[in-house]
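Peer 1: Spelled out, the chains give:
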Amino acid sequence: MQKAKTLCVLLLAGTLLGCATSGGNPSDPLEPLNRAMFGFNDTVDDAVVRPVAKAYRAALPGIVRTGISNFFSNLEDVWISVNDVLQGKVQQGFEDFGRFLLNSTFGIAGIFDIASEAGLKKNNEDFGQTLGSWGIGGGAYLVLPILGPSTVRDSFGLLLDTQTDLVFRIDGVRVHNSLYLTRGISTRANLLDASSVIETAALDKYAFVREAWLQRRRNLVYDGNPPREKEEADDDSR
Amino acid sequence: MTMNLSRFLAAALFIPIAQAQELAPDVLVRTITQEVVAVLKQDKDIQAGDPKKVAELLETKVVPHFNFTRMTRIAMARNWRLASPEQQKELAGEFKTLLVRTYSTAISNYRDQKIDYRPLRAKPEDTEVTVKSEVKQSGSSQPVSIDYEMEKTPNGWKVYDVKVGGVSLVTTYRDTFASEVKDRGVDGLIKSLAAKNRQGQGERAKSGKS
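These protein sequence lines map, in sequence, to chains X and V. Heads up, the first sequence is in the working numbering, so the first residue is 1 and it goes up one at a time. Heads up, the second sequence is in the working numbering, so the first residue is 239 and it goes up one at a time.
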């Protein structure tokens, strides 16, 4: 309930600030605030997260890192299958749950992703996407502390994703804190190459990441087949 | 979550290219990719991140199969018409340098990822097609999609956009370009691109690889 309230406040703040700022991307009425948060996240990444992820990558062999990454990915499959069903993709729901069963047992607690090798593809679903598939738009773009790019809708989705997170269910604060930490480092380590590409590519990193993120989420909501947007002014200058 | 998206960008650009002009678009993409991957696997200098060698490889194998003018036009959207023909040429030149540099960063991260191609869905008379592929990432069970938007020209099929995990490398620049043009004009944008490209060269000279 309280979280819902926070969201309402955020939404309201978004509308108000929206009136105050001019120009820019219409899906980013909170740009000044977001930019500040983006800068903060970047600083934390430079100072702590990226160096730790680099050390992690240097210290552990590829097979071990993949195993760790698979372990966390496997736990996600349960919630993914629930979201499949909520989006009306019942068969995919069964398949994703099948992935979880197969990998948890024969894949030794998910360390080996044998389901993928057996032809059960890993899917990417979360509650934000489910809301999207129900026709709810993203709303204002938001940069969350540490977690990074999101939207009002996806932040709300994230609340539910976190509540249903299986790592969250594991007893013992120390155990699940260290699991969280490991998952974070593992995720960041997998993205080291990607972030170096963004550094090279972006003129304005903030705008680049925002646009890429919004396109990515749209693509995920439509499961890889979004309706074509008009390429305005692309063809009228021929 | 923050960097989920970058994963898709990164796995990005295994987009190489060859000479064959009458090749079907999907065959063309596959051939070029194979050629570039073959060089990547053999060439010790490229593996060590020699920027000159990478640039040479891209210039000969990849660049000829892209339509950079159209890419720039899409990224510029409405503002394309504000630019004079000379400015358009300059813009396309700088944007090309930036994209090629981005591509070479991605390529230097290549480590034996497996690439699958999906069957091409197109009619013989189509002049615009999408070639879809998937790259299997190490350390992640989920493959990343890489789609090539291609157009038919008298000189064979040309790529005019690459979408990584649904993120277009070209339209991702739209906001940046638009606000730059709004604040500093077309010349301002050209200058920013040129500065970014120079800065990239500087970094390169210092350390071949990150």
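Hint data in this document are derived by calculation from the structure and do not stem from the laboratory. For clarity, every value in this text was computed on a predicted model and none was experimentally measured. A few of these clues could be false.
Within a straight-line C-alpha distance of at most 16 Å, the following computed EDC-like cross-link-like pairs (lysine to aspartate or glutamate) qualify [to be verified]:
| hint | chain 1 | residue 1 | chain 2 | residue 2 |
| --- | --- | --- | --- | --- |
| 1 | X | 121 | V | 372 |
| 2 | X | 121 | V | 354 |
| 3 | V | 420 | X | 204 |
| 4 | V | 434 | X | 199 |
| 5 | V | 429 | X | 204 |
| 6 | X | 122 | X | 42 |
| 7 | V | 434 | X | 204 |
| 8 | V | 374 | X | 117 |
| 9 | X | 122 | V | 283 |
Peer 1: Would you mind marking each hint as holding or not holding in the structure?
Peer 2: A quick look at each hint next to the structure:
no.	hint	verdict
1	X:121 <-> V:372	holds, 12 Å
2	X:121 <-> V:354	holds, 13 Å
3	V:420 <-> X:204	holds, 14 Å
4	V:434 <-> X:199	holds, 11 Å
5	V:429 <-> X:204	holds, 14 Å
6	X:122 <-> X:42	violated, 30 Å
7	V:434 <-> X:204	holds, 10 Å
8	V:374 <-> X:117	holds, 12 Å
9	X:122 <-> V:283	violated, 36 Å
Checked against the numbered hints above, the structure violates hints 6, 9; every other hint is satisfied.
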